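There are 2 protein chains.
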Amino acid sequence: LALSTAALEIGIPTPPDGERLLELARRVKLFSAEDVETIRELWTEFVTKGGDSWYHFLIARRGGEMLGFACYGRRALTESTWDFYWLGVDQNAQGQGIGKVLLREVKESVRQHGGRLLLIETAGKPEFEPTRQFYLHTGCALEARIRDFYAPGDDLFIFTVRL
Amino acid sequence: LALSTAALEIGIPTPPDGERLLELARRVKLFSAEDVETIRELWTEFVTKGGDSWYHFLIARRGGEMLGFACYGRRALTESTWDFYWLGVDQNAQGQGIGKVLLREVKESVRQHGGRLLLIETAGKPEFEPTRQFYLHTGCALEARIRDFYAPGDDLFIFTVRL
Chain A
536 LALSTAALEI
546 GIPTPPDGER
556 LLELARRVKL
566 FSAEDVETIR
576 ELWTEFVTKG
586 GDSWYHFLIA
596 RRGGEMLGFA
606 CYGRRALTES
616 TWDFYWLGVD
626 QNAQGQGIGK
636 VLLREVKESV
646 RQHGGRLLLI
656 ETAGKPEFEP
666 TRQFYLHTGC
676 ALEARIRDFY
686 APGDDLFIFT
696 VRL
Chain B
536 LALSTAALEI
546 GIPTPPDGER
556 LLELARRVKL
566 FSAEDVETIR
576 ELWTEFVTKG
586 GDSWYHFLIA
596 RRGGEMLGFA
606 CYGRRALTES
616 TWDFYWLGVD
626 QNAQGQGIGK
636 VLLREVKESV
646 RQHGGRLLLI
656 ETAGKPEFEP
666 TRQFYLHTGC
676 ALEARIRDFY
686 APGDDLFIFT
696 VRL
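Quick note, the sequences are listed as chains A and B, same order.
The opening residue of the first sequence carries number 536 in the numbering used here; numbering runs sequentially from there.
The opening residue of the second sequence carries number 536 in the numbering used here; numbering runs sequentially from there.
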């Protein structure tokens, strides 16, 4: 259990982190191949455009090993509303509070960018119940629900954080 | 009043229609400059990619004159959910049922593409009250609302049509 006592470091990733980040994403059981492909596209924009990128990434490391990542960005056509797009924690490092720390740092980053409202969209299918509970227990409010959004029987849940 | 008795024709626009379509959009009082720029980007993708475009357009003509347009497309990462992005009716041709006909044809097109759910996002500010009433009176259901989404005091209203 030495892992859980080492300090978790949160930082902005650089291009060489891409390979590990995508490998981590591929191993997250809740992410589909299409999800991973989308994350790859956002990552490519992030490393190509740098400070001009629409998408931002943060990663969590412990003892030099990447254990999680978050992806977020401004919502087009709004005044200071942001989206929390993806939160991935290594399949072997779940339940250690890494997601909670990443979410906290994303909130702080959005606040520093002048963000006022953070939206988190997640799925309604049964395997996402822990995800929904995670957001409910980390200060996010369930604000809206669109029935059958992802597929018949798989609703969209929209959580919000007011910053 | 000859205009209102001529038949309204709905069709798929071609590249030469772009100039008139964007001029029409610029004259719609509810569209901001940023909205028009977004419509221009979607139009460019539509004419560049043709059948592979993520975005679809329909236009309404009467006696050869373009009086309205609609833009819609698949929602990424969903199974047969579509978005109705933009509906623009010439500032001088409003109140003639053109929007209603365009919405009906968009529903029909989405249905033909195998779409199951159509989402319509619109603003909560007072000048959009007629827009919200339009959707409520054309078979769309108000399904969700995100407070202060566009700006403080300007909510997001999400209407749905189940096809």
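Hints in this document: simulated from the structure, not taken from any laboratory.
Values in this document were obtained by computation on a predicted structure and should not be read as measured data.
Treat each hint with caution, since some may be false.
Pairs involving identical chains hold if they fit within one copy or between any two copies, as the list cannot separate such chains.
Below, computed lysine to any residue pairings styled on SDA-like, alpha-carbon distance capped at 20 Å [unchecked claim]:
no., residue 1, residue 2
1, 584, 635
2, 642, 588
3, 564, 545
4, 660, 678
5, 660, 569
6, 660, 557
7, 660, 679
8, 584, 597
9, 642, 547
10, 660, 556
11, 584, 639
12, 660, 558
13, 635, 579
14, 635, 565
15, 660, 614
16, 584, 566
17, 635, 689
18, 564, 660
19, 564, 612
20, 564, 669
21, 642, 566
22, 660, 628
23, 660, 615
24, 642, 550
25, 660, 611
26, 564, 610
Under a CA distance limit of 20 Å, which applies to residue 660 and residue 628: within one copy, between copies, both, or neither?
-> Result: close neither inside a copy nor across copies, 23 Å intra and 45 Å inter.
When no copy is specified for residue 660 and residue 557, does a C-alpha distance of 20 Å or less occur within a copy, between copies, both, or neither?
-> Classified as neither; 24 Å inside a copy, 41 Å across copies.
20 Å Cα cut-off: does residue 584 pair with residue 639 within a copy, between copies, both or neither?
-> neither (25 Å within a copy, 40 Å between copies)
Residue 642 and residue 550: within-copy, between-copy, both or neither at 20 Å Cα = For residue 642 and residue 550, neither the intra-copy (23 Å) nor the inter-copy (43 Å) Cα distance is at most 20 Å.
What label fits residue 564 with residue 669 when the C-alpha limit is 20 Å: within, between, both, or neither?
-> within (16 Å within a copy, 43 Å between copies)
How do residue 564 and residue 545 come out at 20 Å by Cα distance, when the copy is not named: within, between, both, or neither?
-> neither (23 Å within a copy, 46 Å between copies)
Using 20 Å as the alpha carbon limit, work out where residue 642 and residue 547 are close: within a copy, between copies, both or neither.
-> Within one copy only: 14 Å inside a chain, 43 Å across chains, cut-off 20 Å.
If the cutoff is 20 Å on CA atoms, where do residue 584 and residue 635 land: within, between, both or neither? Let me know, please.
-> neither (28 Å within a copy, 41 Å between copies)
Can you give me the call for residue 660 and residue 611, within, between, both or neither, at a CA distance of at most 20 Å?
-> between (27 Å within a copy, 17 Å between copies)
At 20 Å max between alpha carbons, let me know whether residue 635 reaches residue 689 within a copy, between copies, both or neither.
-> Intra 25 Å, inter 30 Å, cutoff 20 Å: neither.
Between residue 660 and residue 614, at a C-alpha cutoff of 20 Å, which is it: within one copy, between copies, both, or neither?
-> between (31 Å within a copy, 13 Å between copies)
Alpha-carbon proximity context of residue 564 and residue 610, limit 20 Å = neither (27 Å within a copy, 23 Å between copies)
The structure is inconsistent with the numbered hints 1, 3, 6, 8, 10, 11, 12, 13, 16, 17, 21, 22, 24, 26, although it conforms to all the rest.
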